[in-house]
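Got chain C sorted already, so can you dock chain D onto it with the hints?
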Amino acid sequence: MTTLVTATGEPKIDYAATAYMIICASLVLLMTVPGLALFYGGLNRVKTVLNMMMMSFGAFGLVGIIYVIYGYSMSFGPNDIGGIFANPFDKLGLHDTSHIVNIFHFNGYGGIPELVFVGFQLTFAAITVALISGAIADRVKFSTWMVFSGLWVTLSYFTIAHMVWGGGLLSANANGLSAKIFGAANGVAKVVPIDFAGGTVVHINAGMAALVLVLVIGKRVGFGKVAMRPHNVPVVMLGAGLLWFGWFGFNAGSELAPDTTAALVWINTTVATCAAMLGWLVVEKLRDGHATSVGAASGIVAGLVAITPACGALSPIGSIVLGAVAGGLSAMAVGLKFRFGYDDSLDVVGVHLVSGLWGTIGAGLLATSTGLFYGKGGKQLVIQVVIALSSVIISGVVTLVLGLALKKTMGWRISRDDELVGIDQTEHAESGYDLAEREGRLGAASLGLHAGAMRHEEITDAYETNGASA
Amino acid sequence: MKLVTAIIKPHQLGDVKDALEAFGVNGMTVSEASGYGRQRGHSEVYRGAEYTVDFVPKLRLEVLVEDIDATSVVDVILKAAQTGRIGDGKIWVVPVEDVARVRTGEHGAAAL
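Chains as they are written, first to last, in numbering that gives the first Met the number 0: chain C, 0 to 469; chain D, 0 to 111.
No lab work stands behind these hints, which were simulated from the structure alone.
Honestly, I wouldn't trust all of these hints.
[Said to hold, decoys possible] Some but not every residue of chain C turned toward chain D, in silico, with C-beta under 10 Å: (1) GLY57; (2) ASP287; (3) LEU345; (4) THR367; (5) SER368.
We treat Cβ as the ideally placed atom computed from N, Cα and C, and that holds for glycine.
In isolation and in its complexed conformation, chain C is listed as follows:
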């Protein structure tokens, strides 16, 4: 293939790739709002569904802004600092972004506008933070969650994203860990770490943060005694379906061009997910006696998580194996929280950490050109373990420090009474459903009365005056 260049040698814009990437970025947005929000919201109890969804929406709102201000520069800026992050000031506020970039210098492509790449990456940062929220459902102050989101995305996400994708320590860079372990040739590590769409950056990162946070924050009132079962399973399945749909943008979009690799990624993402859903259901049927809907939805997510790092490196058959194992592993892992007594409310650890680790390490076994199972030796496997553990350590340490600091300052927990009443009412002054109509009356604030004038008669008078004209 020939490189598309203009007469001046500037890469030419590739309209197909640009259109493709704008669609893919939008698909990844759909994964969080509303996909993940619905998936998590349905799994929660009826009195906490809105807070759960708001944690995703809120995180997206904040991370979207931070990403534009300094997040992109810190992840993908031109000046690497110690292999850990890039200088956040180089492209502060997205100044100095290029009209056209050829990010990974693929042969055969023109460029896409750098802003398209920014948009695509912005949605990744946002969903990674939102993923964590499922572990700490029902019990944390919305304000503390928002502050945590901003700090965590800065210190854990932007750094790991830079290390893996931005040319840092966990990339194929000649100064990276892989090059130090197995050497480099022509400025590139001989063994290129495989993380196609975010096993380390997204899932291990979020899953580890979830594990540490639940240990810092503690259990919900009644955990292990009271039934905390999903309040709306069809919504869980709708959310899982939207996640799957959006995930094509996540994985196939990570190729940054609509080409043969993107096609392979699409197929691999599909079959791994099918296999994981069935794997989860088989474990359930054998262990619990029933194949459940929530199990199918969870298996879908486990499969998507596992194939994320590996989707560009496996064959479709290898992807089926990877997915089936992921579904089975995560189905077994979700029970651990009861055995060890940590309240990972919606199983972010069991699904994202476990399947994220498996997918990242499994790529070292199943990669067609470098994997152990294809007789290519164990070097790829070693590097996969190294990048997976690096992500575990970085995310674990950053989350522990941030979690404890916020515990000492703002505090994480809402009061026990508020938790029993339900966080939707106490944090957001709303309820998710009004199925049986309870009319109620307008409150004092809506009737133009000051807060002190809440006496019943006054409210009644005001209601009658205003209500009559309405």
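Coordinates of chain D only, in the frame set by chain C:
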């Protein structure tokens, strides 16, 4: 006047309503209820965790009738709601002091 209250299985409502209409009952009130008697709840499994659901969904059917009709109405409901299996429900009758129709202000038997 009497108030006949029946707790029945939700899927028996259609039969019970038809039987009551055929008998000549003009109206009734139905509300969702949950409870248990000899039929205990069931268990559900979510992500491998088993939850026991003690209360079974039922419908509460209320019919206001004249004293003379009470026994027959109980029989009508009984026949229509009976499946013979555990959890068919219960029916009870209590005396009612007065009934008023909101629209017209009629009282007593005229308001039924």
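Could you check if C/GLY57 really has its C-beta closer than 10 Å to a C-beta on chain D?
26 Å, violated
Let me know if the C-beta of C/ASP287 comes in closer than 10 Å to any C-beta of chain D, holds or violated.
5 Å, holds
Is the interface hint for C/LEU345 satisfied, with its Cβ closer than 10 Å to some Cβ of chain D?
9 Å, holds
C/SER368 was flagged as interface toward chain D. Is the shortest Cβ-Cβ separation under 10 Å?
36 Å, violated
Would the stated hint for C/THR367 survive a check requiring a Cβ distance to chain D of less than 10 Å?
33 Å, violated
In summary, the numbered hints that this structure violates are 1, 4, 5.
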